[in-house]
Each structure stands twice: as C-alpha cells, then as structure tokens.
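K.L.:
The residues making up each chain are set out below.
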Amino acid sequence: MNWDSLLKEDRRWMEDGGGADRDVVILSRIRLARNVVDVPFPARLDKEGQRALLNRVLQAARAAASLSASPFIDLTDLKKVERQFLMERHLISPEMAFDSAERGVVIGEGQKMTLMINEEDHLRLQSFEGGRALEAAWERADRIDSELGEKLSYAFDSEWGFCTRCPTNAGTGLRASCLLHLPALVMNGDIQKVLDGLASAGITARGFYGERSKAFGDLFQISNSTTLGHTEREMIEAVGRAVQGIARYERQGRAALSEAPHRTATEDAVYRSWGILRHARLISYDEAMLILSRVRLGLQIGLPLPVDPAVLNSLMLLTQPAHLQMLSGSALRIEERDRMRAALIREKLGKP
Amino acid sequence: MILCNGCAKHSATIYFKGIVNGQMIKLHLCESCAKKKGMVFPFAKSTFSLGDMVADLAKASKARSSVVNTFCRRCGLTYAEFQQTSQLGCGRCYETFASVLEPLLLRIHGSTQHIGKTQRRTVRLPAPPQELARLKLELQDAIRREAYEKAALLRDQIRQMEERLTRQTGEA
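The listed protein sequences derive, respectively, from chains S and V.
According to the numbering used here, the first sequence is numbered sequentially starting from 1.
According to the numbering used here, the second sequence is numbered sequentially starting from 353.
Hints are supplied without guarantee of correctness; some may be wrong.
As the list claims (entries may be wrong) - Derived CB-CB ranges, DEER-like:
(1) G403/V <-> S200/S: 17 to 25 Å
(2) H362/V <-> Q59/S: 53 to 61 Å
(3) G18/S <-> E501/V: 50 to 58 Å
(4) G189/S <-> E501/V: 53 to 61 Å
(5) A43/S <-> N421/V: 21 to 29 Å
(6) T430/V <-> P71/S: 35 to 43 Å
(7) S330/S <-> T430/V: 45 to 53 Å
(8) L505/V <-> S200/S: 35 to 43 Å
(9) S200/S <-> Q509/V: 38 to 46 Å
(10) E237/S <-> R486/V: 49 to 57 Å
(11) R62/S <-> G403/V: 38 to 46 Å
(12) R425/V <-> S158/S: 14 to 22 Å
(13) R62/S <-> R486/V: 39 to 47 Å
Said to hold, decoys possible - These stretches of chain V come out as covered by chain S in the derived footprint (C-beta under 8 Å, 3 or more residues):
(14) 421-431
(15) 434-441
(16) 465-471
(17) 490-502
Calculated directly from the structure, the hints in this document are not laboratory data.
Since this is a predicted model, take the numbers as computed values, not measurements.
Glycine is no exception: its CB is placed at the ideal position from the N, C-alpha and C atoms.
Take these sequences, add in the hints, and give me the full structure.
P.N.:
Okay, structure coming up:
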C-alpha cells in the first residue's frame, strides 16, 4: 500500500464537485448493505469461511468495470495504526479497524467510494461527495452495486428486500447521510431542539464516526432511520430536505451570533481559538477539533482571518491520532502527539 | 369508514398484517387500541431498544411456543441467540424466523413491503415453472377462503421455491 500518496492526497474532492450548502454540509455519504445468498453473515463464519467469501467478493469486484483497477487493501496485513488511519479517513468503519476478522476494502474512484468486505454484512458499499450531493453519491453507489449484482447473487426476499445482519438495515440496506458542521446551533443551545425535531420525519442524528460516537468539533451526521417501505430516492430526498432545513437554522444562528448583542462574544471566542491555533505548543485532539470548528465559524461569518477554509478541512483530517503517527512514521505517546499536532497546525497556517 | 377490530367504536386508522402462530392476522385498529396492543410506530418515537422489542414481541406473540425451539438450518442460529443479540445469522434466517421478524420489521420500519431496488438476478428469472404457478393459484384460493394457516404454509413453500430458482439461475 502506498501510504504516502494516501496521506498527501487529503481528499481534495471535499472541496471539488457540485455539492450544495457547503457552508454547512461537509460531506454526503451513501451506504449500501448486501449479503451473498446462502452464505452465513461474517460473524457466523470461521476464518476459512470469511477468507473464501472475501475472495469471492474480490473476484466479483475485479470483474466489475468500475472496480477492476481499484486498489484492494487486505486489513489482516495492516498494523493497528494503519487500520485506524483508514477509519479516520472514513474509508473503513470503526468495527473494521479494531477487530481481527478476515476483512478487506477496495478503494475506488479517487477515494470517492469504498467496498468493505466482511464488515457486519458481506458487502458494505460506500460512496462520498463533498457538500450536499446525495443524488450524485447514490448514482455512483447504485451503478457499482448493479455491476456487482451481475456477478454475485445477493440474499434477497421479494417482500422484505435485501437481507442484512441487523433487521434495522433490511429492505434497501441504504443509509443516506450528510456530515454537518453546526457550531452556531451548538453555541446558542438550539442543537438539541433541532435534532429532536428530526425523529418525527424518520431522520436520525449521530456523531462524527457514526453510530454511538460522540459529536467532535460540532460535527453531526444526519441520516435516514428506517430502510424498508420507501424507495431509495424517497429516503434520499427525505434526508436532503431535513439537511436543508437544519442548514437554514444554522445560518440563522450564525447571523444572530454575528450581530449585537452577541457579536463581541462571538468574535472573542473565534479569536481566542485563532490564538491557540497559531501559538499553542500542545493541543489534544478534542481541543483541536473544537478550535478548528470555532475558526471555521469565524470564516463563515466573515471575520478577516488569513486562512483558506480548505486548510481547516485538511487539518481536521490530518490532526487525528493515527494520521499524526503515520506522518511521523512511528508510534507516538499522547504528549508527543499533542506536541506534533500543535507543530503541524502552526506549519500549515504559516509562520506568524 | 372501517371500524376498529378492537373496540368496534372508533374508526380504524392503523392496518396491521402479520403472521402469528403460523396464521396470517389482519387487523384494522384505532390509535388507542393499537397503543393498548403495544404497537410502536417508528416515526413517533426517536429511540427504541431493538433487544426489548424482540423480547416484547416474543411475549406478545402466541407463536412463542412454536418458534422458541426453532433454529436456522443454514447457519445454526437459535431463536434464543436471535432474541439475545437481535441479529440474524444468514439470509435464510429471514425465513426461519419469519413469524417474529414480520412484526419486528413493522415496528422498526413502519412497513413490511420492500419497494426499492431489487436483486437484478431475481428480476431476470425465466417464467416460473408450472408447479410454482399452481402453488400461487392455491395461495390465492386459500386467501379467498380465509384459510390463513394454509396460506402461510403455501407462502413459505412459494418463497423457498423462488429462492431455489434464483440460486439455480444465479450459479449459471
């Protein structure tokens, strides 16, 4: 695996493409869950069974036009920190990073899609776009899913749809989600109210890395909560509508924060964070995510900070624990990491 | 207006369809009777525990005695394991545990009818052979006669046969 190129290529597509609402929506993601008919799900296979299934899916991927030349990474060949690195890039799930099952991932189309093999289900196909662009992400996932479906027979019930390990994913096997940056709603305290209002529309909010994870850096994942009984497009539209609504609230919140009587307090919070970014010598990951979020808010409300938003996005990726260790080429103790994180941030922002 | 099958007073707003104890059950209920029967609607509630739901359904369903000793012939998953983890073991489990899955899927998703993308290779099946057509006619007849136990059996037979067909075409 060429880690250098993966490290340097900091997902430029987060900035490119036609995604909407980029001031609020960082990323759109489509996930499809599929299983091969008549083979027990990964958790009920022994190592040989998992390996055989992995080879079978990989063979299908190699025969699919869109994936024939995409790099494949066998997770059993990787060190723990390398797996964590892939997780921090959202290329594999947390489950896949911290477990020793026979697993692999195909990374295709310029890191815009990944095919995880032997995750909770045999196949977990993910497709990404920058900004709010669920339709474009769905079209890619749909195309590749159909190509794979030509080569593999999926476990499918005519009434209940695609069979998945967890009944909460049955039917379409679809999770359509957007990663949202909501600093104003967190600061003005409206976030809980807004997120609570989603449930009645069949929409769920989760943390940065997915299910059961906490919300780092004011980042939230908004996704459909049910997978059966609606078409994929209906679900995608429902998530898209909810995201547009939340984005409106967030913008109202930002506008209010940038006016009297909140203006001074907001500027103070942003410039304090800016000061830490420019001058601190030790920064923990949690703190980095928080202050990067505040500075990003400062840019959104038009404060004249000498930094490109793309650099902030890139720092959100690069300051993660495994990224730092991959950059340094060795395992780092926590305090070494904090020192290196602070140094990396100062370097990326340019010397004061 | 359809009257509620529970109280026969209010107008029914909720339609429930499921297999209980091998019998197809169809109920028209008003909201308050549905609540009394412990039905939960996913859109009305933000959090739920899947484990509690599986346990609940097992208690509520008279199917318990028949399903409790069931295990999946493909992957060996027992009903007890399913109840404990709320996770299935393989695609075939969806048939094995159909009687508890049907109401569970309804509770989670508010629906039991997939209308999204279908498995391509299933769609491309050749016309079903005569035996399958005969079973389907029998099923329609059974439903007309309201012989739901028979209908459920036939439905399972049809499903198994369709799966076999899919597989045969699939390996070609």
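K.L.:
It remains to establish, for every hint, whether it holds in the given structure.
P.N.:
Results for each hint:
1. G403/V and S200/S have their C-beta atoms about 24 Å apart, which keeps the hinted 17 to 25 Å range intact.
2. At roughly 58 Å, the beta carbons of H362/V and Q59/S sit within the given window of 53 to 61 Å.
3. Between G18/S and E501/V the Cβ separation comes to about 56 Å, which falls inside the hinted range of 50 to 58 Å.
4. Checked against the hint of 53 to 61 Å, the C-beta distance between G189/S and E501/V comes to roughly 57 Å, which is consistent with it.
5. The supplied range of 21 to 29 Å is met by A43/S and N421/V, whose beta-carbon atoms lie about 23 Å from each other.
6. With their beta carbons about 40 Å apart, T430/V and P71/S fall inside the hinted range of 35 to 43 Å.
7. Checked against the hint of 45 to 53 Å, the C-beta distance between S330/S and T430/V comes to roughly 47 Å, which is consistent with it.
8. Hint check: L505/V to S200/S, Cβ distance near 39 Å, so the stated range 35 to 43 Å holds.
9. The supplied range of 38 to 46 Å is met by S200/S and Q509/V, whose beta-carbon atoms lie about 40 Å from each other.
10. A beta carbon spacing of about 42 Å between E237/S and R486/V contradicts the range 49 to 57 Å that was offered as a hint.
11. The beta-carbon spacing between R62/S and G403/V, approximately 39 Å, falls within the hinted interval of 38 to 46 Å.
12. Checking the proposed 14 to 22 Å range against R425/V and S158/S shows it holds: the Cβ atoms sit about 20 Å from each other.
13. The supplied range of 39 to 47 Å is met by R62/S and R486/V, whose beta-carbon atoms lie about 42 Å from each other.
14. Here the region 421-431 of chain V counts 4 residues with a CB under 8 Å from a CB of chain S, which clears the bar of 3, and the coverage holds.
15. Coverage of a stretch by a chain is defined here by at least three residues with a beta carbon nearer than 8 Å to that chain's beta carbons; for the region 434-441 of chain V and chain S the count is 4, and the condition holds.
16. Counting residues of the region 465-471 of chain V whose beta carbon lies closer than 8 Å to any beta carbon of chain S gives 7, which meets the minimum of three for the stated coverage.
17. Counting residues of the region 490-502 of chain V whose beta-carbon sits less than 8 Å from any beta-carbon of chain S gives 0, not enough to reach three: the coverage restraint is violated.
Of the numbered hints stated above, those contradicted by the structure are hints 10, 17, listed in ascending order.
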